[in-house]
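Please construct the entire structure, taking both the sequences and the accompanying hints into account.
In our numbering, the protein residues as written are 1 to 358.
No wet-lab data here; the hints were simulated from the structure. Please read these numbers as outputs of a predicted model, since none were measured by experiment. Do not take every clue at face value.
To be verified - Listed next, with one range per pair, are the computed distances between beta-carbon atoms:
#1 R252 / L231: 16 to 22 Å
#2 G148 / V310: 28 to 34 Å
#3 E158 / E249: 22 to 28 Å
#4 E354 / A128: 35 to 41 Å
#5 R252 / A289: 27 to 33 Å
#6 R283 / G80: 29 to 35 Å
What the hints assert, rightly or not - Under the rule of at most 30 Å between Cα atoms (straight-line distance), these lysine-lysine pairs were calculated in the BS3-like manner:
#7 K132 / K230
#8 K312 / K230
#9 K219 / K45
#10 K345 / K312
#11 K132 / K87
#12 K132 / K117
#13 K61 / K132
Glycine residues also receive a C-beta, built at the ideal position from the N, C-alpha and C atoms.
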Amino acid sequence: MRRSHIATILLTCFFSLTARSPSFVFAQQPPQASEKERGVELYRKGDFNEAVKALREALKKQASDSDAWYYLGLSLHRAGKVEDARKAFEKTVSLRRDFAPGYAAMAYMQLLVNDNKRAIENAEKALALDPKNLDSLYIAGTARLREGAGAEALARAEEALKVKPDHPQALILKTQALLNMFAKWPAKAGAKTDQREDDKPSDDAAGEAKRRSHYSLLKSASESLEAYLKLGAENSDQDSLDSLREQLEELRFYARRADDAGSNDSEAPMTAALRPTILYRERAHYTDAALDARVRGTIILMVVFADDGVLKHILVIQGLSHGLTEEAVKAARKIRFTPAMRDGKPISVFGRLEFTFN
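In C-alpha cells, the structure reads:
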C-alpha cells in the first residue's frame, strides 16, 4: 500500500501557484521590453529553458529590471537550477526592496535546501510588506514546522485560511502542524522514546479530558485534510492523492479516540506490561536526495501492533522530506513481532515507532 508524505505536496505547491497567478504587476516598462515580455510568456507556457534565454537577453539591455530578474529566478528554478535561481532572486530584492514576492521566492529557495532559519527571515520580510501574502504565510509556516514549532506553523496556516478559506497549501500545512502538536504531547508527558508508550489511561476526569483533547488534534487534522482533498488537489499527482486518502483513513481511525473512552478491549495503549516482542527490525534507508539537502530529524509513526502479528494503521504524525518518510514506512512494514499478551491471549496495542536520520 503506497503512502507518500504530505511534505511532498508542501514542497511542490508554491511555484505552480505563482506560475498561474502572479501576485504583482510589472514595476517598470523599459523601452526595450520585447525580450522580457517574450520570456515571461515562455515561462507561463512552461518552456522554462527558452524563458531563461529570453530573460537573460533582456537583462543584457536593462540590467536593473527587477521584474526580469524575478521571472529569470522563477524560470531557473523550474529548469532545475536552484542556486542560479537563488542568485536571481537576491538581485531582485537588491533592486526592489519593497517587493514581497521577491522575498517570498528567496525564502522558498532556502526552504528547498533546508535553511529554515533564513527561510523564516525572508518570509517575515515579505509579510512585513504584505501581511496577507499567502505564499509568505505558507513558507513561514512550513519553515517553522520543520523547526518543530507546530503551534506557530498552525497560527500561520490559520492566518492564510482567514485570507482564503479554501487555500490548499494552508490546509495541508494545518494538517501537518496539528500532527506535529499531537506528536509532541506524549513527549511532554514523559513518555519514552522509540516504541513509546501511548498516553496512559487515567481514571480521573482531568486525565480523560486531557486524552480527549489530545486526540481531538487528530480529528481537526482529518477535517483539514478532507477539505484539501475535496478541492480536487489539482497540483497533486494520482499517487500523492491515493497516499493522502490512505492518510485520511488512518487519521479518522485514531481520531475516533477523541469521542470515546478508548476502552475497546481489542485495542489498548502500549504499557510496560502490554508490549509486543520485536523479532526483526531494520534501519530505514537514507535517500541520496536527503543527503544532498542535509535533511535530518526524526520520523514518528503511530501504529497498531495487531494481535495477529501484523503491523496495521500506520499514521505519519511527524515526517521528513526528500523521500525519508516513505523509507521509514517501508522499514516499519518489515517489522516482525510477537503480539502483546493479556490473560494469556494476544492483544492489539497502540504504539509508536521512531526513525532518526542524522
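Hint by hint, here is what the structure shows:
Checking the proposed 16 to 22 Å range against R252 and L231 shows it holds: the Cβ atoms sit about 18 Å from each other. Separated by about 32 Å at the C-beta atoms, G148 and V310 satisfy the suggested range of 28 to 34 Å. Taking the beta carbon of each, E158 and E249 are about 25 Å apart, inside 22 to 28 Å as hinted. For E354 and A128, the hinted distance range of 35 to 41 Å is satisfied, since their beta carbons lie about 38 Å from each other.
At about 31 Å, the CB distance of R252 to A289 agrees with the hint of 27 to 33 Å. In this structure the supplied range 29 to 35 Å holds for R283 paired with G80, their Cβ-Cβ distance being about 30 Å. A distance of roughly 24 Å separates the Cα atoms of K132 and K230; the hinted pair therefore holds under the 30 Å criterion. About 26 Å separates the Cα atoms of K312 and K230, which keeps this hinted pair within 30 Å; it holds.
Note on K219 and K45: the hinted pairing is violated, with a Cα-Cα distance of about 40 Å set against a maximum of 30 Å. Between the alpha carbons of K345 and K312 the distance comes to roughly 19 Å, so the proposed pair stays at or under 30 Å and holds. Restraint check for K132 and K87: the C-alpha separation of about 26 Å stays at or below 30 Å, so the hint holds. A hinted pair counts as satisfied when its Cα atoms are at most 30 Å apart, and K132 with K117 qualifies at roughly 21 Å.
For a cut-off of 30 Å, the pair hint linking K61 to K132 is broken: about 34 Å separates their Cα positions.
Checked against the numbered hints above, the structure breaks hints 9 and 13 and satisfies the rest.
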